[in-house]
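Chemist: Chain residues, written in single-letter form:
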Amino acid sequence: MIERDEFRTIAHNGVWKQNTSLIQILGLCPLLAVTTNMVNGVMLSLATILVMALSNFAVASLRNFIPHEIRIPVFILIVAALVTVVDLLFNANLHELYLVLGIFIPLIVTNCIVLARVEAFAAKNPPLHATFDGIFMGVGMLWTLAVLGGLREFIGAGTLFSGIDLVFSNLQPLQVLPADYPGLLLAILPPGAFILLGCMIAWKNWVEARAAARQQRPAVPVATGGCH
Amino acid sequence: MMDFSTPPYLLNNASVQRVMLQVLAALLPGVAAYVWIFGPIILVQLALATATALAAEAAMLKLREKPLAMFLSDGSAIVTAWLIALTFPPLSPWWLVVTGTLFAIVIAKHLYGGLGQNPFNPAMVAFAVCIVSFPALMSQWPSVGLQVSFADQARVVFGMMPRLDAISGATPLDTLKTALKLEEGTVSVTQLLADQTVYGFFAGRGWEWVTGGYLLGGIFLLWRGIISWHAPLSFIAGLTLLSGALWVWHPAQFANPFFHLFSGGAMLGAWFIVTDPVSGCTTMKGKLIFGFVAGALAYLIRVFGGYPDGVAFAVLLMNICVPLIDHYTQPAIFGMKDKS
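Here the protein sequences come in this chain order: B and R. If you number the first sequence the way the working numbering does, the last residue is 228 and the count never jumps. If you number the second sequence the way the working numbering does, the last residue is 568 and the count never jumps.
Chain B on its own, in the form it takes in the complex (with noise of 0.2 Å):
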């Protein structure tokens, strides 16, 4: 079983310290092109959450079964079937959703992070201590998202939640500044997104510092590294 201080620390790295957005700068390109507003993000994120857990539990289960040589290939065959699994799912249920989502759903099969929690984590860790880090990994992507796509509809529309109705079909999107607000469309183009990413990594080291010199230690320089 896992124990409580272990799954704290997954939860805090997934969340926070190593988050994937900010920290890992993974995944930026769903992260440029489905966060113009909140509903997509989340849902990308949803989806790209179970299918980390899932993977991550899949591999963490095998990880004495498969050939050290071969475990790139077999990862990736674990993990696209899984992402067609989502695929489908999502195209059944969600149907007007997926549509908008696109190839962003397919994608996650490419997507840096699932692959390298998979082979950094669930490779060498128990199957319920993987299945732990998949789902904050991606909780932590979650928030992001959310907070991004949240930022770049209000600067660019004026609006919260626009799409909701196509996930809940008895919720209206919120109309958040007065109608005639003419809408910063940059906010919703990927340069807004690069500039309001900047902001958030900006702010989180901020907050890293303060909370460094509080204890009166050295803040670690933040080290990025990034693909997509």
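The reader is advised that the hints may include incorrect statements.
Among chain B residues calculated to face chain R with C-beta under 7 Å, some are [claimed, not checked]:
1) Leu-184
2) Leu-186
3) Ile-188
Here's a subset of chain R near chain B, in silico, CB distances under 7 Å, partners left out [what the hints assert, rightly or not]:
4) Val-357
5) Val-360
6) Ser-361
Rather than coming from a laboratory, the hints here were simulated on the basis of the structure. Every residue gets a Cβ at the ideal spot worked out from N, C-alpha and C, and that includes glycine.
Position chain R relative to chain B; hints supplied.
Modeler: Below, chain R without anything else, positioned relative to chain B:
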């Protein structure tokens, strides 16, 4: 007794403040023509942009813990503000120029490290951001020759009067492009340019005097030694050669180079934008390449692209190339053999 002093001997006191003040002075002929053609409302926009720029500059300097008085008085923010106000339509709502200026100072200038560090020309970033975000507002220029009182102009700017379609229209450059596209093959440039309500002696009616004013200012800067001839002249050469070649090939479809030089942002771009010492090239050869390609790109974007003018995008595209151009155009060190 003789006074001894040591080299280097600098002939003038080239502080940032002195340079910026002379750039502002050089903009005055253009501004004067602007007031004469479009009315004094531009002065309101200039004031708005200046106030916003100074406030944003002060706030960013305070956040970055830099000396306030030194950087605020260097005038660079004011130059950016004036260039923004002069490139935005004079009757645009007040928040448009404020948004553009905030973006220029906060994001394009200070987030990159402030004066001397910005890879992109802040004024052109403001223009690009606003024309991408608010294409309709950024393309509505007041019709030349229509008499609207200053009070009414101010009401339009501050949103106390509805925006009337009759008082604004596309720029002459935009009008020409749209007309050529709509009546393709049936109408020639010469016929279109004969329309004296939109076009004047050699370019857009009224516009030719404003851009002529910028040319005067540019010559003043050249004479004062503030700018070198490389970037502006090669910008003009790039624009002229490309537009000239197409004009010679098919004069019914392409306007003459003279029209292009005195339309839109070409003159302002040539003398005040591509000469930016921060975001432009630093080597002489580099300046020639920078200006020439920017001029050619500006022509391509304004004639074949979807936006009313292409100077801002051309300059931003070339700003990206500056490190590469500078890298390959380093002059040989004195006394060394030129390796290339």
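Chemist: Can you give the numbers of the hints that this structure goes against, from lowest to highest?
Modeler: 3
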